[in-house]
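Following my numbering, the numbering of the sequence shown begins with 1 at its first residue and continues without gaps.
In case anyone wonders, no lab produced these hints; they're calculated from the structure.
Among the clues, some could well be false.
[What the hints assert, rightly or not] Simulated crosslink set (DSS-like; lysine-lysine; CA at most 25 Å straight-line):
(1) 52 <-> 29
(2) 29 <-> 7
(3) 7 <-> 166
(4) 52 <-> 130
(5) 7 <-> 17
(6) 17 <-> 166
(7) 29 <-> 17
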Amino acid sequence: METITAKDAITVIMERKSVRSYTGEPVSKEDIDIILRAAMAAPAAIHLLPWKFIVVTNRSTLETLAEGLPFARMISNAGTAIVVCAVPEEAAMNSEAFAILDCTCASENILLAAESLGLGAVWTATYPDKELMAFVRITLGIPSNVIPLNVIPIGYPRGEEDAQDKFDPRNVHWQKW
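I would like the entire structure built from these sequences, with the hints used as guidance.
Written out as structure tokens, the structure is:
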């Protein structure tokens with residue numbers, strides 16, 4: 001795979017923001033592929049990979065998801081959405097907790113990869129809300145043993161949004177040796 005060098009890693013991390021307004025322009029298959037490769041480069045407990053990714057590009061399905069997810073209305077204007085799913089039976093020790101942790105890492109990689117490509121994205125959680133998870137399961141035909149962790153809309157930002165500086169030194173505690 002060709003190496004993509006859009007921005008350095010620290011810049012991407014510091015500039016990542018939650019984008020909630022999109023142009024509706026489709027995201028290229030090449031960009032989606034890069035984003036999915038980044039997702040699957042995430043760490044996972046004892047190298048088991050308990051994740052599945054559902055890529056939604058169908059406009060009607062995006063609108064259905066937007067209608068049923070109250071905190072994810074922006075999906076209807078995104079170019080695509082990626083649903084990150086956790087499969088506990090495929091995680092370390094068949095653990096739901098490890099599956100969730102591993103898929104959370106993959107989700108962050110999706111957000112960072114989108115940022116590095118000049119796309120916007122935002123994490124919209126379905127887990128642990130049983131009703132939201134059920135809605136996504138029914139809409140996308142996801143088996144009951146698979147946890148739809150989140151739905152990440154991805155697209156071209158409609159406007160300029162700024163990253164937030166969340167650093168707070170009061171949250172850092174130095175151990176003295």
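Results for each hint:
1. 52 <-> 29: Roughly 18 Å separates the two Cα atoms, so the pair holds.
2. 29 <-> 7: holds, 21 Å
3. 7 <-> 166: holds, 21 Å
4. 52 <-> 130: Distance of about 19 Å is within 25 Å: holds.
5. 7 <-> 17: holds, 15 Å
6. 17 <-> 166: Between residue 17 and residue 166 the Cα gap is close to 11 Å, so the pair holds against 25 Å.
7. 29 <-> 17: With a Cα-Cα distance of about 22 Å, the restraint between residue 29 and residue 17 holds, given a limit of 25 Å.
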